[in-house]
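Sequence lines, in order, name chains A and B. In terms of numbering that gives the first Met the number 0, the first sequence opens at residue 0 and continues consecutively. In terms of numbering that gives the first Met the number 0, the second sequence opens at residue 0 and continues consecutively.
Because the hints were derived from the structure by calculation, they are not lab data. We put the CB at the ideal spot given by N, CA and C, even for glycine. Hints are not guaranteed to be accurate.
Stated by the list, open to error - Footprint (simulated), chain B over chain A, 3 or more residues, beta carbon under 8 Å:
1) 99-109
2) 356-365
Stated by the list, open to error - Under the rule of at most 30 Å between Cα atoms (straight-line distance), these lysine-lysine pairs were calculated in the DSSO-like manner:
3) A/K226 x A/K281
4) B/K580 x B/K558
5) A/K281 x A/K309
6) B/K78 x B/K26
7) A/K373 x B/K600
8) A/K153 x A/K134
9) A/K179 x A/K134
10) A/K226 x A/K174
11) B/K594 x A/K320
12) A/K309 x B/K517
13) B/K18 x B/K78
14) B/K478 x B/K198
15) B/K580 x A/K320
16) A/K320 x B/K517
17) A/K134 x A/K174
18) B/K587 x A/K320
19) A/K166 x A/K189
20) A/K108 x A/K220
21) B/K517 x B/K439
22) B/K10 x B/K31
23) B/K213 x B/K484
24) B/K537 x B/K556
25) A/K320 x B/K537
26) A/K320 x B/K600
27) A/K115 x A/K96
28) B/K439 x B/K484
29) B/K587 x A/K374
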Amino acid sequence: MVHEQLKQYVEKIPNKLLEELEAHCPASKLKKAAEKLCEEYLNANIAPGEAVGLISAESIGEPGTQMTLNTFHFAGVAEMNVTMGLPRMVEILDARKSISTPTMEIFLKSPYNKGKDIRDVALQIKETSTSYFVKEFTINVTNLSIELNLDQEKIREVHTSVKTLAKALEKALVKEASIKLVEGDNIELKLKGKDEKSLNVLYKLKEKLKDIYVTGIKGIKQVLPVKRKDEFIIITAGSNLKKVLELEFVDTTRTVTNDIHEINSTLGIEAARQAIIDELLKVIEAQGLNVDLRHIMLVADTMCMGGSIKGITRYGVVSEKASVLARASFETPLRHLTNAALVGEIDYLDSVVENVMLNQPVPIGTGLPRVIAKK
Amino acid sequence: MATTEVYLNGKYTGDIENKEEFIAAIKSERFKEPFAGRLNIYYNEELNRVFVESSRGRATRPLIVVKNGIPLLTERHIKQLHKNELSWTDLVQQGIIEYLDTAEEETALVAFTEREITPDHTHLEISPLAMLGLISALVPYGNFTQSSRLSIGAKNQKQSIGLYTTNYHVRMDMDVNSLHTPQKPIVKTVMHDLADYDKHPAGQNIVVAVMNYKGYNMEDAIILNKGSIERGFGRSTYFRPAIAEELRYSGGLMDQICIPDKDIKGYKSEKDYKLLEGDGIVYPEAQVSEDNVVIGKTSPPRFLSSLDEYSLASNIRRESSMALKHGEQGVVDFVVITENEEGNKLVQVRIRDQRIPEVGDKFTSRHSQKGVIGFIFPESDLPFTSRGIVPDLIFSPHSVPSRMTISHLLELIGAKTGSLAGRHVNGTTFDSEPEEKLRKELLELGFRDDGTEIMYNGLTGERFHARIFVGNMYYLKLKHMVANKIHSRARGPIQLLTRQPTEGRAKEGGLRLGEMEKDTFVAHGASLLLKERFDSDKTAIPVCESCGLTAIQDALKDKRFCPVCGDSVEISDIEVSYAFKLILDEFKSLGIYPKLQLENKY
Chain A
0 MVHEQLKQYV EKIPNKLLEE LEAHCPASKL KKAAEKLCEE YLNANIAPGE AVGLISAESI
60 GEPGTQMTLN TFHFAGVAEM NVTMGLPRMV EILDARKSIS TPTMEIFLKS PYNKGKDIRD
120 VALQIKETST SYFVKEFTIN VTNLSIELNL DQEKIREVHT SVKTLAKALE KALVKEASIK
180 LVEGDNIELK LKGKDEKSLN VLYKLKEKLK DIYVTGIKGI KQVLPVKRKD EFIIITAGSN
240 LKKVLELEFV DTTRTVTNDI HEINSTLGIE AARQAIIDEL LKVIEAQGLN VDLRHIMLVA
300 DTMCMGGSIK GITRYGVVSE KASVLARASF ETPLRHLTNA ALVGEIDYLD SVVENVMLNQ
360 PVPIGTGLPR VIAKK
Chain B
0 MATTEVYLNG KYTGDIENKE EFIAAIKSER FKEPFAGRLN IYYNEELNRV FVESSRGRAT
60 RPLIVVKNGI PLLTERHIKQ LHKNELSWTD LVQQGIIEYL DTAEEETALV AFTEREITPD
120 HTHLEISPLA MLGLISALVP YGNFTQSSRL SIGAKNQKQS IGLYTTNYHV RMDMDVNSLH
180 TPQKPIVKTV MHDLADYDKH PAGQNIVVAV MNYKGYNMED AIILNKGSIE RGFGRSTYFR
240 PAIAEELRYS GGLMDQICIP DKDIKGYKSE KDYKLLEGDG IVYPEAQVSE DNVVIGKTSP
300 PRFLSSLDEY SLASNIRRES SMALKHGEQG VVDFVVITEN EEGNKLVQVR IRDQRIPEVG
360 DKFTSRHSQK GVIGFIFPES DLPFTSRGIV PDLIFSPHSV PSRMTISHLL ELIGAKTGSL
420 AGRHVNGTTF DSEPEEKLRK ELLELGFRDD GTEIMYNGLT GERFHARIFV GNMYYLKLKH
480 MVANKIHSRA RGPIQLLTRQ PTEGRAKEGG LRLGEMEKDT FVAHGASLLL KERFDSDKTA
540 IPVCESCGLT AIQDALKDKR FCPVCGDSVE ISDIEVSYAF KLILDEFKSL GIYPKLQLEN
600 KY
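One chain only, chain B, in its complex shape:
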């Protein structure tokens, strides 16, 4: 009989004669100590090799063992589990539940539900929900949506603002948000209970009407009710700390946290420091805004060797305070004065900023139906139902057909039923309350079973011809808020090298008019407008008319001369972009003589 090679953790360890016996022996012994279910075995027919794996870091998943068509987990076990007489580890140690790795999975036949089991099956799925991740399982009615939408819905939930930790008020996290009045979702899945979602919820239950209203919710935008916002919907706090450390430099010099003196290098202005207390730190609950210093700090000069700095001896320290950046504002929330690992004084100031929903803030349901606020209507101008209910949010019906998020619509019905009946609704993927049942219940509660309601135009009072689908829904506020992204510039900082405007919001930069945008100006023949656009770095440079090179202007002596031809030549100013002056310099460094031939324009 042919032998089979055996590999333990990828290394050849020996040959066996009867592979079936060997595999069966391992499978029957592996749940016992010392293996404790961490052993996997896989026979590759093509190679005629048996692979035994016991290493760490493999992806494994638990399954119920099935023998002769009967799952080993019985009602008795479940009863014991309920009474806490039995634990998960007991089940694993008894060989009722096995962890399979990806290789062994190939040799197993796993039944999806108990009904499907045939004598050939080796395992049974604990729950079909187990094939989803933790967050994907949080999407209600997940089996009523495209898989890609489910993944997006899960991704959106990760960006939602909720109660990320209960001790946030003593933490110094960078860039975090916290929702003011989070609620438990009405439509839940099993995972909400398993993951203790009630202890860290991330959204709010609101009334949603599926309709268009004045065009402010086209293209995935949403309309919010101003009244709802005033009642606290979507209100959150944004925390950002300012951190300063007293660094030590060579020569016994060090930073100093204090109110900087007026004669210091780079002193801002008196009113920027007005919020500082004697120790150079702002007081808690101070209202701070743009350019306000929150931690005053001075540093020793950068270069000690500079002679004049020695001679002036007195105060040559430079300003290095922590101030609020352009466009920032808030309230000083929490101040910590401490020492870091190196023994330096460390000051942290946490700034809090209340964020009330505004046009441009991003919201989403749990079904990848995200959108930004397009308009906030006063409550009185919004449509209302015949019962007088005004929706908190108006959602565009055009968002549904192409994306096929049926789960979104089911949640509307589910949560409506749940809120009217005063109970939670189970929306677990593959195991949810059926639509028919919810409809029936809704009907019994005195509502139409399809969830639609008669509505009236809030502006005119006229009744809408169509009935509007109205329901409740768990909505999440996402961390992308306009306040952190809004940006504009008219004047501002420029780069040292090119004298062109800086780039990016953080540096208060300009928006680049690029190559292709330039082309549109040329195509329209807007020659002078194009020149004006590119005037950001224009300079006048003196040029020697005899040699055509840039001349030198000595502003102190009010004299101009050419470094090549001396001072007895004609020198004229020409207006070019600073970038062109740079390229002339570069040509010269290449050994190319860029001679400018000047000509009178008029």
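Okay, chain A solo, but in the shape it has when bound:
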């Protein structure tokens, strides 16, 4: 597959680069171009002993000091309020399980992305509970029943029916009440069993009623159709990637959430790594700062290296460090020391912090090469 003239570079340059060169370069200039490419590629390589981790840390940490602490507020209705800035950055790097503002950006297949029934589509995604459909709750004290005066328009809006609503209520309230459809497409709930406390129970039931899930996708608290460039997308508050991707009108290739753990459980660790990179970049760029992509990639790689997402905390990445002294120098030193003493851990002094503590040259840069004598 690779051209004859490029054979000698196969070992030196990644195959993908060679293929690209072959595709874009006329055969007559191939040799010269390959030579130049090889040179450039070798120049771009990082020298052994370069402190890439520390440089990444400095490169992200320094602009971090300039970040505004406060959440960025969008003015107007067109956008939702999403945690940005330093708090969001901390959230990502700590790999928090529950984030403060989960959001999704749902892309749609055509014709929906051109705006067809966009309101309808959005409302179908939104988690809807009983209170949305009910105009009025009427409590009948003598019968110990509640009558729900339904808003038929809203029911039609979400593409559901009184029957499904009744079914949902029945499922949720099997023990407490019996459900009956009454004239004018309304629902009557009758309390099961009777005693002195019944009236109290009835009132509590009314409150409970309001929050019963009827239709839509659980977890999606709010939907907002937005026109971005020349297509319509739906921005949500609340996230449920798995359920959203199951919908037939959703463009599964582009729909994203900002919940990294959710991405990990539905799409896998590689997708999660990319999500960490994207989310970090989003925060940094929103602040008008500039950090090289490769620093962020290194951080994301470190976090996802073990096949699961580990935060940069004492329970995550730091707990994986090989050296006892290095771990002890970062938070809860006593715990690390006692645990190390219990199992008789050996510190091989392979990394930076330990060697600084011992006043030895650190194995980085000029401290890396050693003289080996022939015996």
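Given chain A, work out where chain B should sit, using these hints.
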């Protein structure tokens, strides 16, 4: 009719039926004895309560009472005041001036000026200047500056060096400065007269050019004229006393102020004591410098129980003289030998040091335009005007736009006019001489009305393309001088526990290369340079090769042994930081066995 509760000094005292009548009665009676204007009354509508306050310590301020739209203070009163027939207290006792506290202020409508008065007004401000503090009112043209800048300008004046007291030469103040030739400001405010500022001025009137010159006044720096300094600008004296007391200890022992004997514990060196006279105190007007003893003193030993000190009996007292610290110098100014409250002999020696302005000393105008000297040019190298005037100071124009200190520019014009006309200029906040008037006067005096002048480069003699804004200004020298702050170290004292360098200027300490600075070394891969930086506490410790614990070296017998394995094991020296040796000790005290596995490096 509903009753209203009355509280006297926060305590419930009773109910009243007609609150308006009650309040009016109190207001009409309160200036008479025994209240004498110290009573305040406040009605809270929400709570329907009347609060009467007579306690001490409330913040109150005086205002002129206005009745039916007419202020009670009349021209007649002012004439009487001028003739000294009437005093302030008379006005207060006649109810013409009232002191309002913060609560009563809420119920009053105070007019700012006499013109604003309507029938609704209850009081009139004595002067709009009254809303400023004493020092804020000392800033000329204060109403032409941002309020925050005004506050900063006031704060700077508190740090200025002036004539802080006239009897300074017989006082033993700690750490004080005194300006040699203070002057009255040309641009004054009313407060300068009220506060007798002329008796304790704090600055000097100088010629200021607003321009850049060779870049030495960028970022708030200023350029000074060497000639001006030689003529006495900014020259001050710094006073610092050395104090020693003959303390009495248990067992009849006591300190002794004398020239210490040579065989004393901690004896410095003969030349450090050379300035002492027979009584162990330096002579006045002696030139003293670093390490010189000014008061010689010996103290009894710290621990009496120590046996060998008994056996050596003769002289085991220790040295405790007062000497000049690192970097200090001066002249002995004044010596006091006296007794303190406990009857102990007390010696105080005041050291004086002349401070001539040098690069790094801090100066400011009265408008929060502070800056440090960036360079001192010889007079011949400075720019001069077409009339031959060489500025004393060059001020950067970049300091003005962002800070919006218009008052700074107005003072330049004002003082220029004042100095040329030979008079003081009134710059009182809200009541200053108008700019137009000053400009007109300046024009009549033969100068451009905008204050600019044609100037020539002092180094080349070329004329500058732009006209330069030149004016006079009252400049203050601030007490922050480099001589008290400069610090460097190459070798020096170390801490006992960690063997690392001490911290701080007073202890001749090092400057810490911290965690983040360390990171920069690592990022550059400068591994060995980093090691060298952290070598300050490196030590060689003997380690037992069989058990991996620190061994013992007996220097007297030239023997090494391991406290665990005895003396028949191999013991090697390893080079680590002393701090690491300490953490090994700490591990051991925790019950953790830190075993070092040694390996040959080569």
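**Study point:** Hints violated by the structure (listed by number, smallest first)
**Key:** Of the numbered hints, 1, 10, 13, 21, 27, 28, 29 do not hold.
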